[in-house]
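Heads up: the sequence shown begins at 0 in numbering that gives the first Met the number 0, then just goes up one per residue.
Treat the hints as calculated values from the structure; they're not laboratory data. All values derive from a computational prediction rather than experimental measurement. Check the hints yourself; a few may be wrong.
DSSO-like mimics (lysine-lysine), calculated; alpha carbons at most 27 Å apart, straight line [as the list claims (entries may be wrong)]: (1) LYS160 to LYS35; (2) LYS265 to LYS164; (3) LYS164 to LYS179; (4) LYS265 to LYS179; (5) LYS164 to LYS66; (6) LYS179 to LYS160; (7) LYS179 to LYS66; (8) LYS160 to LYS66.
Derived Cβ-Cβ restraints for the label pairs, each shown as a range [claimed, not checked]: (9) LEU166 to SER10: 45 to 53 Å; (10) MET271 to GLY216: 49 to 57 Å; (11) VAL249 to LEU119: 53 to 61 Å; (12) SER10 to LYS35: 43 to 51 Å; (13) ILE251 to THR99: 48 to 56 Å; (14) SER165 to GLN191: 39 to 47 Å; (15) PHE73 to ILE251: 15 to 23 Å; (16) GLY15 to ASP270: 38 to 46 Å; (17) LEU12 to ARG88: 23 to 31 Å; (18) ALA175 to GLY218: 31 to 39 Å; (19) GLN126 to LEU178: 19 to 27 Å.
Positions of the beta carbon are idealized from the N, C-alpha and C atoms, including for glycine.
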Amino acid sequence: MIKPNRAISTSVLTLGFLFLYIPIISLVVYSFNESKLVTVWSGFSLKWYAALLQDEELLSAAWLSLKIGLMTAFASVVIGTWAGFVLARMGRFRGFTLYTGMINAPLVIPEVIQGISLLLLFVALQQMIGWPAGRGILTIWIGHVMLCVSYVAIIVQSRVKEMNKSLEEAALDLGATPLKVFFVITLPLISQALLSGWLLSFTLSIDDLVLSAFLSGPGSTTLPLVVFSRVRLGLNPEMNALATLFITAVTIGVIAVNQLMSAREKKRIRDMQMAFTQPDPAETATGGTPPGAVGSPIGRRAA
């Protein structure tokens, strides 16, 4: 077996990280630049952050993107969870192949095709039944949910498939209803997958440009559309400041989520250890080893 050279592997890995992160570091540094030229350093200044906070167009677009992202994330988690459960638990029913293909289609179909298809659909619906009354927040939200549900369904499907069903079966045997089992047993077990799907859906919605371009209308311009239209006219340090704020928010969010997931995992392990080390109730009540146990007289005679 050929072992990889450690020095070469380290060098390739370092170059890869530098290629990924040097542009981001450069963007953050030049967001504090005094000059209007984004590639010429002329001194430290916070004026572009002040200008950003006074830019009504950018702020309104950012707020709109945030609202659509939150709505998309919650809707995608709800729909994607049920879709993932069907894929993982229902087996091969009639139409399973078609259902699987419909779930996976948004993952492989280019967003341009999805955008055109949804645009034609909404135009046809408006002509036939008068809904939707123009393109706006609702049409953007529907398009983003259609895209993100597939990602959530795949994440939930993989988590549910590897999950041990013994706890759910035990709860059902003890008389719990299926709905109670889902909310009390299943939902906590797949909570990390749901959180991952929520974050991925929110990120995809905030970042989406193509679908938003096809499905937006007057008064519903999202942040990526505003940024794209301005960058086409030339780079501006204000965009660097905006990107820096987003990077900071994402970094804080990722750290917080990692800490939360780590704390929950530690709590789960600690609870399991306590459950295994807890003394037997029969032994505690009698003050000794219960009859029939290995250490009891009956247990020794049986042995």
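Here is what the structure says about each hint:
1. LYS160 to LYS35: Outside the cut-off at roughly 54 Å; violated.
2. LYS265 to LYS164: Holds: LYS265 and LYS164 sit about 22 Å apart, inside 27 Å.
3. LYS164 to LYS179: holds (15 Å)
4. LYS265 to LYS179: holds (25 Å)
5. LYS164 to LYS66: violated (37 Å)
6. LYS179 to LYS160: holds (20 Å)
7. LYS179 to LYS66: Between LYS179 and LYS66 the Cα gap is close to 31 Å, so the pair fails against 27 Å, i.e. violated.
8. LYS160 to LYS66: violated (33 Å)
9. LEU166 to SER10: 45 to 53 Å: holds (48 Å)
10. MET271 to GLY216: 49 to 57 Å: Roughly 53 Å apart at Cβ, these two residues keep to the hinted range, so it holds.
11. VAL249 to LEU119: 53 to 61 Å: For VAL249 and LEU119 the Cβ distance comes to about 34 Å; the hint is violated.
12. SER10 to LYS35: 43 to 51 Å: Violated, at about 38 Å.
13. ILE251 to THR99: 48 to 56 Å: violated (37 Å)
14. SER165 to GLN191: 39 to 47 Å: violated (19 Å)
15. PHE73 to ILE251: 15 to 23 Å: holds (21 Å)
16. GLY15 to ASP270: 38 to 46 Å: Holds, since GLY15 and ASP270 (Cβ atoms, about 40 Å apart) stay within the stated range.
17. LEU12 to ARG88: 23 to 31 Å: violated (40 Å)
18. ALA175 to GLY218: 31 to 39 Å: violated (49 Å)
19. GLN126 to LEU178: 19 to 27 Å: For GLN126 and LEU178 the Cβ distance comes to about 41 Å; the hint is violated.
In summary, the structure is inconsistent with hints 1, 5, 7, 8, 11, 12, 13, 14, 17, 18, 19 from the numbered list given earlier, while agreeing with the others.
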